[in-house]
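Chemist: Single-letter residue listing:
There are 2 protein chains.
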Amino acid sequence: MPPSAATPRPTLLIIGGAEDRRGRASILKRFVKLAGGRKARIVIIPTASSFQDEVVQAYAEVFTRIGVASWSAVNPATRLDAGDPAGVAAIDDATGIFMSGGSQLRLSQIFAGTPLGEALHRAHRRGAVIGGTSAGASIMSEFMISLGDEGITPRQRSSQLSRGLGFIEGVVIDQHFAQRQRYGRLMSLIAMSPDLIGIGIDENTALEVVDGVRATVLGKGGVYVLDCRAAITDAPDARTGAPLLVSNAVVHSLPAGATFDLEKLVLVDFVEKHPDLDIKMTIAQSSQP
Amino acid sequence: MPPSAATPRPTLLIIGGAEDRRGRASILKRFVKLAGGRKARIVIIPTASSFQDEVVQAYAEVFTRIGVASWSAVNPATRLDAGDPAGVAAIDDATGIFMSGGSQLRLSQIFAGTPLGEALHRAHRRGAVIGGTSAGASIMSEFMISLGDEGITPRQRSSQLSRGLGFIEGVVIDQHFAQRQRYGRLMSLIAMSPDLIGIGIDENTALEVVDGVRATVLGKGGVYVLDCRAAITDAPDARTGAPLLVSNAVVHSLPAGATFDLEKLVLVDFVEKHPDLDIKMTIAQSSQP
Numbered sequence: 001m002p003p004s005a006a007t008p009r010p011t012l013l014i015i016g017g018a019e020d021r022r023g024r025a026s027i028l029k030r031f032v033k034l035a036g037g038r039k040a041r042i043v044i045i046p047t048a049s050s051f052q053d054e055v056v057q058a059y060a061e062v063f064t065r066i067g068v069a070s071w072s073a074v075n076p077a078t079r080l081d082a083g084d085p086a087g088v089a090a091i092d093d094a095t096g097i098f099m100s101g102g103s104q105l106r107l108s109q110i111f112a113g114t115p116l117g118e119a120l121h122r123a124h125r126r127g128a129v130i131g132g133t134s135a136g137a138s139i140m141s142e143f144m145i146s147l148g149d150e151g152i153t154p155r156q157r158s159s160q161l162s163r164g165l166g167f168i169e170g171v172v173i174d175q176h177f178a179q180r181q182r183y184g185r186l187m188s189l190i191a192m193s194p195d196l197i198g199i200g201i202d203e204n205t206a207l208e209v210v211d212g213v214r215a216t217v218l219g220k221g222g223v224y225v226l227d228c229r230a231a232i233t234d235a236p237d238a239r240t241g242a243p244l245l246v247s248n249a250v251v252h253s254l255p256a257g258a259t260f261d262l263e264k265l266v267l268v269d270f271v272e273k274h275p276d277l278d279i280k281m282t283i284a285q286s287s288q289p
Numbered sequence: 290m291p292p293s294a295a296t297p298r299p300t301l302l303i304i305g306g307a308e309d310r311r312g313r314a315s316i317l318k319r320f321v322k323l324a325g326g327r328k329a330r331i332v333i334i335p336t337a338s339s340f341q342d343e344v345v346q347a348y349a350e351v352f353t354r355i356g357v358a359s360w361s362a363v364n365p366a367t368r369l370d371a372g373d374p375a376g377v378a379a380i381d382d383a384t385g386i387f388m389s390g391g392s393q394l395r396l397s398q399i400f401a402g403t404p405l406g407e408a409l410h411r412a413h414r415r416g417a418v419i420g421g422t423s424a425g426a427s428i429m430s431e432f433m434i435s436l437g438d439e440g441i442t443p444r445q446r447s448s449q450l451s452r453g454l455g456f457i458e459g460v461v462i463d464q465h466f467a468q469r470q471r472y473g474r475l476m477s478l479i480a481m482s483p484d485l486i487g488i489g490i491d492e493n494t495a496l497e498v499v500d501g502v503r504a505t506v507l508g509k510g511g512v513y514v515l516d517c518r519a520a521i522t523d524a525p526d527a528r529t530g531a532p533l534l535v536s537n538a539v540v541h542s543l544p545a546g547a548t549f550d551l552e553k554l555v556l557v558d559f560v561e562k563h564p565d566l567d568i569k570m571t572i573a574q575s576s577q578p
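Protein chains in written order, with the numbering used here: chain A, 1 to 289; chain B, 290 to 578.
Hints may be right or wrong, so weigh each one.
Said to hold, decoys possible - Pulled a few chain B residues facing chain A out of the computed Cβ check, cut under 7 Å:
id : residue
1  : Ile-441
2  : Gly-510
3  : Gly-511
4  : Leu-534
5  : Ala-538
6  : Val-539
7  : His-541
8  : Ser-542
9  : Ala-547
10 : Leu-556
11 : Val-557
If you are wondering where the hints come from, they were derived from the structure by calculation, not from laboratory data.
None of these values were measured; they are calculated from a predicted model.
All residues carry an ideal CB built from backbone N, CA and C; glycine is no exception.
All chains, please: the whole structure from these sequences, using the hints.
Modeler: So this is what it looks like as structure tokens:
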């Protein structure tokens with residue numbers, strides 16, 4: 001939705017990496033549509049990548065192919081450069097901002113708490129779509145997963161939490177989820193911080209989040225929501241590397257088309273179709289006052 | 290516990306494959322202890338394997354090294370051979386039976402509903418320990434996972450259910466769980482049959498099950514319990530190969546030392562330590578009568 005719309009709805013398009021760019025590019029087409037279609041003004045941020053020029057060229061090509069007339073790149077090299085007024089102006093004028101893959105730590109180093117980062121937040125609030133793939137996906141949360149090991153087994157200290165940009169609160173976003181076997185690292189992280197919700201996104205798959213709450217899956221793979229609010233864990237005590245006890249985790253595996261409420265942590269479609277349902281998420285609770 | 294004990298407790302030692310046989314062999318030592326220690330009379334069943342002679346030799350070596358004086362092998366080549374009275378007599382006399390890895394379909398073809406299979410059930414009821422690794426683990430349930438694909442994503446028709454031997458009811462056991470990324474295939478299977486419980490066991494890890502209920506983890510990896518009783522799924526309708534919707538699955542990741550109640554589906558230790566807790570497993574229920 002372009003920023004000129006009557007009621008701007010802050011919208012994120014969070015992509016799990018390896019989106020089909022050369023083929024049908026359906027996820028990137030959705031990004032362009034959310035940014036206003038042919039009239040979109042898109043800013044590409046390749047800062048996470050080690051191949052920034054190639055990244056800008058590749059996304060410029062596909063956005064142009066989709067029909068976008070106006071794009072630019074914003075690419076500060078250091079935290080000091082993130083005060084650049086031209087970059088701030090470009091972001092302030094954009095209807096869509098796209099952050100590439102690479103290292104999410106590079107993004108947070110340069111954008112968190114700088115004038116360019118503040119411009120991104122202004123853009124988000126006024127309804128410009130913020131898109132990001134891989135590192136550009138993880139950076140969107142308040143705190144993000146920045147490092148970790150592969151595997152299904154949740155293990156002690158198998159992942160690390162760092163500061164993100166904070167377009168969405170209360171969640172941690174992981175990407176390349178099934179492809180790089182990141183179930184264990186995300187579960188271990190959520191077990192340790194049970195009031196955070198884990199969101200794992202597969203490659204060539206995206207989660208479109210409106211108002212920080214209503215999340216719809218698109219693309220070829222799945223999105224996973226890991227909820228340890230009622231879990232029992234030995235995370236405070238386990239040895240480094242040991243498999244963690246995480247009992248009573250609630251897991252949602254969501255394919256394309258599923259819409260999920262990130263506040264209530266329930267399937268929106270299902271609840272709308274079954275208004276008589278009383279969804280009880282509390283698994284373990286004291287029967288004493 | 291040897292069959293001569295006052296109250297025989299049917300005991301299973303379900304191993305996720307690749308148990309450390311040449312090193313400390315702690316899981317196989319536990320098997321021998323449950324079978325009566327040095328006085329154990331162990332029957333090795335290598336029938337699942339394509340290398341049956343080597344398998345018998347390898348397990349005979351390690352059991353002898355642990356101190357077992359008496360072992361034999363029972364290895365019918367066809368379903369007709371599974372009436373062999375000598376094999377039946379060996380199983381009827383055993384204090385422990387160990388089934389090797391290989392193909393669980395080969396085991397079910399030959400043992401299910403034959404005199405040797407009936408002898409295994411008698412052995413289980415009288416308290417001889419039934420051990421099995423990999424294929425020998427999966428075969429233990431009433432119905433078993435027999436084929437499937439790798440990956441974290443639950444996909445439509447990514448696994449198949451076949452008849453097992455039925456020493457334990459209401460569960461489906463998968464093995465090499467984290468190592469071969471079997472989370473998705475087991476979840477898809479449980480989503481389709483939500484009154485079954487999925488149990489995934491890592492390599493060099495085992496679940497010791499007493500009376501079909503009390504299950505304790507031992508070994509290096511984790512055991513995973515997947516519970517879709519309250520899940521919402523599109524499994525009846527999804528296209529072949531498509532990622533499945535499975536919302537509200539409850540997942541337990543259990544390390545060595547954890548004891549789990551397979552009937553109530555809660556952590557035993559935790560419940561015993563917190564008698565005031567009221568564990569509510571119902572996630573979605575109608576508020577109407």
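Chemist: With reference to the structure, classify each hint as holding or not holding.
Modeler: Results for each hint:
1. Ile-441: holds (4 Å)
2. Gly-510: holds (6 Å)
3. Gly-511: Holds. Min distance 4 Å.
4. Leu-534: holds (5 Å)
5. Ala-538: holds (5 Å)
6. Val-539: Cβ of B:Val-539 sits 6 Å from chain A, so the hint holds.
7. His-541: Hint on B:His-541: holds, closest Cβ of chain A at ~4 Å, below 7 Å.
8. Ser-542: Holds. Min distance 4 Å.
9. Ala-547: Holds: closest Cβ of chain A sits about 6 Å from B:Ala-547, inside 7 Å.
10. Leu-556: Where the cut-off is 7 Å and the nearest Cβ of chain A is about 5 Å from B:Leu-556, the hint holds.
11. Val-557: violated (11 Å)
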